[in-house]
Each structure stands twice: as structure tokens, then as C-alpha cells.
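For the protein sequence lines, the chains are W and L, in the order given. Be aware that the first sequence starts at 1, since it is given in the working numbering, and climbs by one per residue. Be aware that the second sequence starts at 1, since it is given in the working numbering, and climbs by one per residue.
Mixed in with the good hints there might be a few duds.
Which copy? The list can't say, so a pair holds if one copy fits it or any two copies do.
[Unchecked claim] With a straight-line Cα cutoff of 25 Å, these simulated BS3-like cross-link-like pairs (lysine-lysine) come out:
id : residue 1 : residue 2
1  : LYS67     : LYS166
2  : LYS88     : LYS144
3  : LYS28     : LYS69
4  : LYS88     : LYS192
Source of the hints: derived by calculation from the structure; they are not laboratory data.
There are 2 protein chains.
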Amino acid sequence: MKYPNGKRTNPQTSVVKTHHNTSRRGMKLENDINHANEYYLSNNIANIHKKPTPITIVDVSYPSRNKAKIVEAYFKVPSTTDYNGIYKSRYVDFEAKECRSKTAFPFGSIHAHQIKHLESVLKHGAIAFIIIRMVHYEIDYLIKAEDFLLYYNNTDRRSLPYSWIKEYGHPIGNGYLIPIDYIKTIDEVYFKEVKND
Amino acid sequence: MKYPNGKRTNPQTSVVKTHHNTSRRGMKLENDINHANEYYLSNNIANIHKKPTPITIVDVSYPSRNKAKIVEAYFKVPSTTDYNGIYKSRYVDFEAKECRSKTAFPFGSIHAHQIKHLESVLKHGAIAFIIIRMVHYEIDYLIKAEDFLLYYNNTDRRSLPYSWIKEYGHPIGNGYLIPIDYIKTIDEVYFKEVKND
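Based on the sequences and whatever the hints tell you, model everything.
Pasting the structure below:
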């Protein structure tokens, strides 16, 4: 968490300049995960990428001969989670969110179809989870999608209490070279058990 | 192939209007695959998505209070293939290309890092392949990444001969409700053998 983050841009979709774009909130966690993914990729540990931000392109102009310039486009609500890939022959799929509240993670932070997506990939045999960064406590948690969905589908609450996160979440540590070594946590949570599913 | 394609837009990144954008070439195949993916998803057969087109956003404006408008952005060279997801607990990853030549598929149609990406996910245990639509013959082929790479890494040629594609490729048929039923081909190629890897 205390990793000296050098303003790394997302390799797939980088926002070079925006004016008070709220989508920049949570960029620190995104950058940390992208950095971990680059490390995993170049060391042949895993192949996991952030998906580019989905947009609807309305108009493209061609100011110079070989560079198309998008001049009108809009952000779209994503229909999947942001991250997926492969680790030890397993399909891995997750969403990552920063949580600024000290007491609970609001369900509103995750789009309904992202939750539906986690439910779907889980049924197909995925390793699926949510990474929640509790900003105030400076701790990242891996929350198994199974556990999250069990709570989510059986509550009238509109948020996941921090007490629940502490009990059922799996803290993610720093790696020697990376800010958030979530593959190590996957190893502990999914590969140390005799059989997970 | 003769499926009546109703101009379906890519659910992740749809180009509503462009002027002679060369990236629209190959949209027919993309639409067919997106349609198949929607069918697989809604019937709980597989969860496979096209990744949004990667772009670099340079400037965003806020004409109305709650809708950010991207006013300057550029297309980026993708660092992964376009499609990935999960089927029968296996990670699936592929690229799809239309080929207008009658004699060979030019290697230049696929970016070098996409080929590197296929090589990487294969090492991690993926089902990885390329779908090539031979436009003139109206046949789609599934080419296993293993087979493709073996040829690609051992030739001085700059294209994959059609004769090779016919010999090593696996033809993909139409489904009853979908234009390109590539999951059926995956079943034949990857799940009928005793052990594939």
C-alpha cells in the first residue's frame, strides 16, 4: 500500500487529462493492480489484464492521414468486471473498488450487471472475487464472490459492513516488488485447500 | 454465415458513426461472434466477451452535469486478443480475423503482441485459438494457437497458406440460432480428446 506509485498509466485505456473526472477516483488501486499484473505477466506468473474502459464512439475525424481522432464518445456502463485472465490454468475474474467509508462498503459501488457477471462466471468454474481497498485502514481485502453473493442475496442492507469484511475477507499483502500481491492471496485462498469447488 | 445480420452493435464498444473508418472492416465477423457470445451467455453455456476497443483519452468535457463527453481520444494498439472468457471451467482466449485473400492469411493481420499474448496464455493452460473467416470461400476456421505458433515460429513466409488452413484448421458451422457456433467446434477440438494438454 505504501508503494511509491509513479503515476503509471493503465496500459489499455489511459486518461491523460481530465477535469475533475470522478472516474479518476480509485485510480490508485487500479494503478497498483495494473502494476502487479505487469509484474505477473513479465515473470510468467499469470496473464491478467484490466479491460479497456467501454465507450460508445459517436464521431471520428481524420486530421492527419494515418491517425484517427475520436472527437465524440461517451463512457458506457460496463457489462463485465474490469479484470480477467488466467492463473495456473484457472480462469480468474474480479472487480476492484476503493472504499472510503470506515464502516461499510456500499453495494452501489458495483454495478448490478457486474454482480450478475460474477455470479455467472462462478457457475462456469471461475476463481471470482472482489478486491476492496479500505482506504482509511490502508488494507486491501480479497472477498470471494461466493461469500459476497451469499451475503448480498440474503440481506436488505445496502452495504457490506466492515465487520463482515474483516471476518470473511482475506487481507492482501504487499509483494517485494509490487504494491498489491493478490496472486499470493489467491494461492492461500484457492490453492491451499484440498479441493475448492 | 448466411445468417441475416441485423447490424448488431458491439455491446462493449459500438461505433455509431465513422467516416470510412478502416476499423469497420471485419465488423461482420465481429458482429456474428458477439451474437454467438450473447446466446452462450443468456443460455448459460459460456461467458465470453469481446474486450472494448482500447483507446487513450486525452480530453473530456462536461457539457451537461451528469454526462461526460470524450472530445479527444485515439485508438491504441491492443496488447491482448479481442475475446476471452470461460467455458466448462476453462479459460478461453482468441482473436478473430476476416481474410479477403483467396490464397493465404497475412501474418500482418495480427499484431505481434497479440501473437505473444496467445503464446503466453497457452503456457498458462488456456484454450487459445484464432478464428479466420475466409471471406471468399465463406468458411470460418478455428486454428489452434499451438498449430498456428508452430508454423509461425518456423517459417520465413509472411502469411499462412490457405492449403495449410484447410489441412490444420477446424471448420466452424452455423448454429440453429447463431451465425457462428464456435463453442461446438471447441467441444470437438478440445473436449473430445482424452486429454488435450
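A quick look at each hint next to the structure:
{"no.": "1", "hint": "LYS67 - LYS166", "in the structure": "neither (49 Å within a copy, 36 Å between copies)"}
{"no.": "2", "hint": "LYS88 - LYS144", "in the structure": "both (18 Å within a copy, 20 Å between copies)"}
{"no.": "3", "hint": "LYS28 - LYS69", "in the structure": "between (28 Å within a copy, 23 Å between copies)"}
{"no.": "4", "hint": "LYS88 - LYS192", "in the structure": "both (13 Å within a copy, 22 Å between copies)"}
Comparing the model with each earlier hint shows a violation of hint 1 alone; every other hint is respected.
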